[in-house]
Every structure is written in structure tokens, then in C-alpha cells.
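Colleague: Construct the complete structure from the given sequences, taking the supplied hints into account.
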Amino acid sequence: MRTVVEVTDRVLETPSTVTLRFPYEADSAPGQFVMIWFPGDDELPMSLSYTEGAVKGVTIKAMGVTSRNVQRIGVGDRVGIRGPYGNRFDLAPRRVLVVGGGSGSAVLAPAAELAVAGGSSVTVALGATQAAELLFRRRFEAMGARVEVATDDGSDGAHGFVTAVADRLLAHEPFDAVWTCGPEVMMQKVALAARGPGVPVFCSVERHMKCALGMCDACALGPYHVCVDGPVFPAERLLPLPEFGRSHRDPSGRRMPFGGR
Amino acid sequence: MADLAVRVGALALRNPFLLASGIWGESGESLAGAWDAGAGGVITKSIGSQARAGYPNPTIEMYSHWGMLNAMGLPNPGIDEYPREIEAARTRGATVIGSVFGADAEEFATLAARMAETDIVALELNLSCPHAEGYGTEVGSDPADVQEIVRAVVRKVRLPVIAKLTPNTPDPAALAVAAEKGGAAAVSAINTVRGLAIDANLRRPVLAHGLGGLSGPAIKPIGLACVWQIYDRVSVPVIGIGGISTAEDALEYIMAGARAVEVGTAVTQGGIAIFRQLAEGLSRRLDELGYASVSDAVGAAHPARR
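Line order of the protein sequences matches chains A and B.
Counting in the working numbering, the first sequence runs from 1 upward without gaps.
Counting in the working numbering, the second sequence runs from 1001 upward without gaps.
Think of the hints as simulated: they come from the structure by calculation, not from any bench.
These numbers were taken from a predicted model, which means no experiment stands behind them.
Glycine is no exception: its CB is placed at the ideal position from the N, C-alpha and C atoms.
Be aware that one or more of the hints could be misleading.
[Unchecked claim] Derived list of chain B stretches under chain A, where covered just means 3 residues or more per stretch with a C-beta under 8 Å from a C-beta of chain A:
1) 1041 to 1054
2) 1194 to 1202
3) 1261 to 1271
[What the hints assert, rightly or not] Quick list of the computed label-pair ranges, beta carbon to beta carbon:
4) B:ASP1003 to A:ASP90: 41 to 47 Å
5) B:ALA1292 to A:ASP90: 25 to 31 Å
6) A:SER155 to B:ASP1080: 53 to 59 Å
7) B:ASP1104 to A:ASN69: 43 to 49 Å
8) A:PRO234 to B:ASP1080: 32 to 38 Å
9) A:GLY40 to B:ALA1292: 54 to 60 Å
10) B:GLU1117 to A:HIS159: 52 to 58 Å
11) A:PRO223 to B:ARG1233: 50 to 56 Å
12) B:ALA1088 to A:THR3: 35 to 41 Å
13) A:LEU192 to B:GLN1277: 37 to 43 Å
14) A:ALA26 to B:ALA1273: 23 to 29 Å
Modeller: Okay, structure coming up:
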């Protein structure tokens, strides 16, 4: 059930983020993820950042030890792929606000691409720590989306969090849907901001994963399992959960606050 | 309509389908979800003295439809953290059976006593995880060890104690005999069958831990044989486990001697809704065969009962 493939392309997207492309025939859609195995190291859940055609891709930010090791994977190296798993973004809405923070653009970019191709108008609020870390900015621009950026250090766009940009856009422009991925606290803020104008928000959430088959409970989030019930959830299902934006579970299953180590 | 309610010793269950340990058991809400989906009872993850992350991924290898190999490595939040999850499941009315794993009789007894402080109806001892150094099969393969561990736990707690046994030994029924001698109220069999997956292209085992445990349809005949032999040699009730994904599978286990069964891997196929399907299917089959209750069919395939 795992397919071992060779990495055919490696792109350094930002100083901390790398895209790996590999041949993988399975049908997939924006929002879905694969379990990608780096032999000798870990197997991680990764949203597909390239979902169309025979060559898929994942875009990985250096966070933990494994994702740092992964950055050393190069063209010709072999990885194991299983999936795709999980649900997908509904691409029907006509006016979409995309809110991406950190590596969240990895799953949002392919969704935006297909939406634009299908005739939707897409506005992107893109946030990062600094200008160089704005993931897929050019990709969003090239597909014909309007892009507004925010950086923590003010090196590009608005100085501060991308949530302020999203708030402003939501207050002044009509949207049919918001798609967001990034730090959970950011998604929570976006979800709350969209309540006023009543725009439905869809969040791609992340939890520690092991089986990806809805069995092991590692990715339990309230009554849901992120691997099979998600990873894309309507915000109204997430907002009532005490964990959303506040805690996740470590590999042992202990509840850990976000930001706490 | 055949009566699905069963008694496993002193333990009363609304139906014989228990959520197996390790499945959906890390969070109380998931346990409650399995209960709401129709499980007759839910068994927690195996809980140890300390939080344990388990092995790195890959932790599972899924085969097309006949089985799954896993080496999770007993991940659990530890006995200090876990009671809140049981509480969450109890709040929603679930019948909860606690599972614990220890390295020796003393650790089992200590964990059992802690678990018994929570609102559980029974305790299952994991004497059979096939891939954790120092635990499971390593302390549950020798009948003398099994008897000693069960006895130590039974002395410590008043709850019914279920010994979950390994098939990875020449005479699994001897372990059941030992568990009964130690005072177990029931035995459950089988845990997973030791197995290995190799990726030939990469020339290495697939699972990070190397060895794992096979579950799913492939192991049903092994589980049936164990239950069959155990039924002949002990008088305590037997809980059947291994490859149960249809009502017919469950009925076969019941006729081999099981009073209840545990369901795990099948949840990856039909989702948690499988519990309702199993209960409905079993009720229908019991009706067809003229049994008024699950109890009437227990051991029905044994020559003495035919």
C-alpha cells in the first residue's frame, strides 16, 4: 500500500521551506494529504501542495527534527507515499478569501489554483515572519489571485499579523467562503472575524498522526479524527471545541497547550 | 429478535461487541463516540506508569483487505493523565473497561489499583503486545508469569480482571489455564500475531520498529483456534478477538466458545458505524439459526454441544 518513488524535483521555496515533487499517479484533490515516509527517519502527514497530474508535491517547513532532516532530501532520493487521505476543499464558491500563515499556503495554493481556473475570484491574505518567508506569493500572483501580505517584522506589506489584513478584507468586501491554513490560533481568529459578515470558513487543521486510517486516535480532535473527518473542517464545527486554538496532543496522547513546549 | 445482551462473568454488556484496546482509545471523547456508535463496551488504550510516545512512524502497514501490521509501541498518556479521559467517556454513559500494561506483577498491580479508582467496570491486562520490549508478550508468554501477574492484580482490585493473551506461543490455552488459576474473571484472545513487512526496493523493514503485530481477517483462523482450545480447558468466560469484521465472523467466534468479542482493525474499513452493523447482523443470524440469545450459541460448534 506504500509506493516508493524517487524525488524528481526539489525547490527551495523560502529559506525554511522546501518542495519535493515525485511521480504518484493516484487521484487527489486540494485539501488532501499523503503520508510520506523518509526511510530511516519518520513518516509524516503532508498536505499535497501539487494535486493535479502524475507528478505530485509536498511543501515542508523545517520545524521538528524530521522536517529539518527532510530538507536534506534531494533529487533521486527515495520516499514512500501512501494516500491521499482525508477530505478536500469545496471549490464551488465564487468569491474566495484565502488566509495563509506560515506553511499554510502549501495546501491553500492548489485549492486557489483550481478555483481561479474554474472562474472564481480569489483574494489571498498571506502572512509570514518576514518577507522572504512568504510562501507561494509568486504562485498566487501567477494564477491571477489578488495578494495582500503581512509580515511580523514589517519587511513587506502590513506590519503585524495576517489576521488584521483578513479582518479588514472581511469587513469591507463580500466573500462566499474563507479558506484558511496556518497556526491554529490564527485560524481561530479568522473564523471569529468571519462570523460578523456571516462568511463560512473552512480550516485545514493539523494534529499528530500515526495510522491516518481513523483507527489509532492520535489525531483525535473533539469527536473528530483529523485523518478521516478532516483535515478540512467548517469552522462552526471547530469553534465549539475546547481544544481548537488551544491544545493538541503529543505522540503519547497527552493534551499540550499550543505554544507550550 | 435474539437477545444480544451478554454476561461475561459478573460483567453485563448490552451487546457482545467491544471496542478493542488500542483503537479510538486515546481520548475519552473517542471512547464515548464508539459507545454512541453501538459498541457493547469500550476498552481503553493500554495505559502504563508513564507517558509513552510509542515508536516513530511508520507504525502501520495496511494490506489490501486481509490485514494490517502495526507496531505502535504502546503510546499512552500515562496513568496520571489518563483518568480524565475515562471520566469524559463515563460522562456520556459509556461502559468502560480499563487496559493496563506493566513490566512485572508489581507494576501491573500498582497500575490496576490506580485504574480501579476510575469508574470502569473491568480491567483488561495487556499480557500480549507482540512488539514492546519488556512488556506484553515478553511478560505474558510463560504461564507461571501470567498466573503471578493476574494473582497480584486480583489481590489488589475488586473489579473483574480479564487477561488478554498472546497467540505467539506454542500453547496459548496453557496461558488461559494459568490466568484462571491466578483468579482471572475472563480471558481475551488473541492479541496480534507477530509479523514483519519488508520493502524490497529499500532493502529494509517498513515499520520503524521492525517487527509488528498482524491483525485483520488474516488472523481469524488463528484466533478461532485459540478460543476453541481455551474454551475446552477453562471454565471462565472467553472473549474472542482477531479479524472480526462481519457478524458471521463474530458468530463463528461465539460458536468456538466466546461470550463476547473485540473489534479493532475492522474500524479502518467501515468506520465506527461497523458496531451497529455487527449487532444488527448478529441478531439476524441468531434468529435464523433459532437461538434466542448470544449465550445459547456460545460454544455451539464444540462436539459436546452439537
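Colleague: All the hints need checking, so say for each whether the structure fits it.
Modeller: Comparing the hints with the structure gives:
Evaluation of the coverage hint for the segment 1041 to 1054 of chain B: fulfilled, as 5 residues show C-beta separations to chain A shorter than 8 Å, against a requirement of three. For the segment 1194 to 1202 of chain B, the proposed coverage by chain A is satisfied: 3 residues have a C-beta within less than 8 Å of a C-beta in that chain, meeting the threshold of three. With 5 residues bearing a CB less than 8 Å from a CB of chain A, the segment 1261 to 1271 of chain B meets the requirement of three and the coverage assertion stands. Range check, ASP1003 of chain B to ASP90 of chain A: about 45 Å between beta-carbon atoms, so the 41 to 47 Å window is met.
Hint check: ALA1292 of chain B to ASP90 of chain A, Cβ distance near 50 Å, so the stated range 25 to 31 Å is violated. Between SER155 of chain A and ASP1080 of chain B the C-beta distance comes to about 45 Å, which lies outside the given range of 53 to 59 Å. ASP1104 of chain B and ASN69 of chain A have their C-beta atoms about 37 Å apart, which leaves the hinted 43 to 49 Å range violated. Here the CB-CB span from PRO234 of chain A to ASP1080 of chain B is close to 35 Å, well matched to the stated 32 to 38 Å.
The beta-carbon spacing between GLY40 of chain A and ALA1292 of chain B, approximately 58 Å, falls within the hinted interval of 54 to 60 Å. About 53 Å separates the C-beta atoms of GLU1117 of chain B and HIS159 of chain A, a value consistent with the hinted range of 52 to 58 Å. At about 42 Å, the CB distance of PRO223 of chain A to ARG1233 of chain B disagrees with the hint of 50 to 56 Å. Taking 35 to 41 Å as the suggested C-beta distance range, the pair ALA1088 of chain B and THR3 of chain A conforms, at roughly 39 Å.
Distance hint for LEU192 of chain A and GLN1277 of chain B: a CB-CB separation of about 39 Å, consistent with the stated range 37 to 43 Å. Distance hint check: the CB atoms of ALA26 of chain A and ALA1273 of chain B are about 25 Å apart, consistent with the given range 23 to 29 Å.
Checked against the numbered hints above, the structure violates hints 5, 6, 7, 11; every other hint is satisfied.
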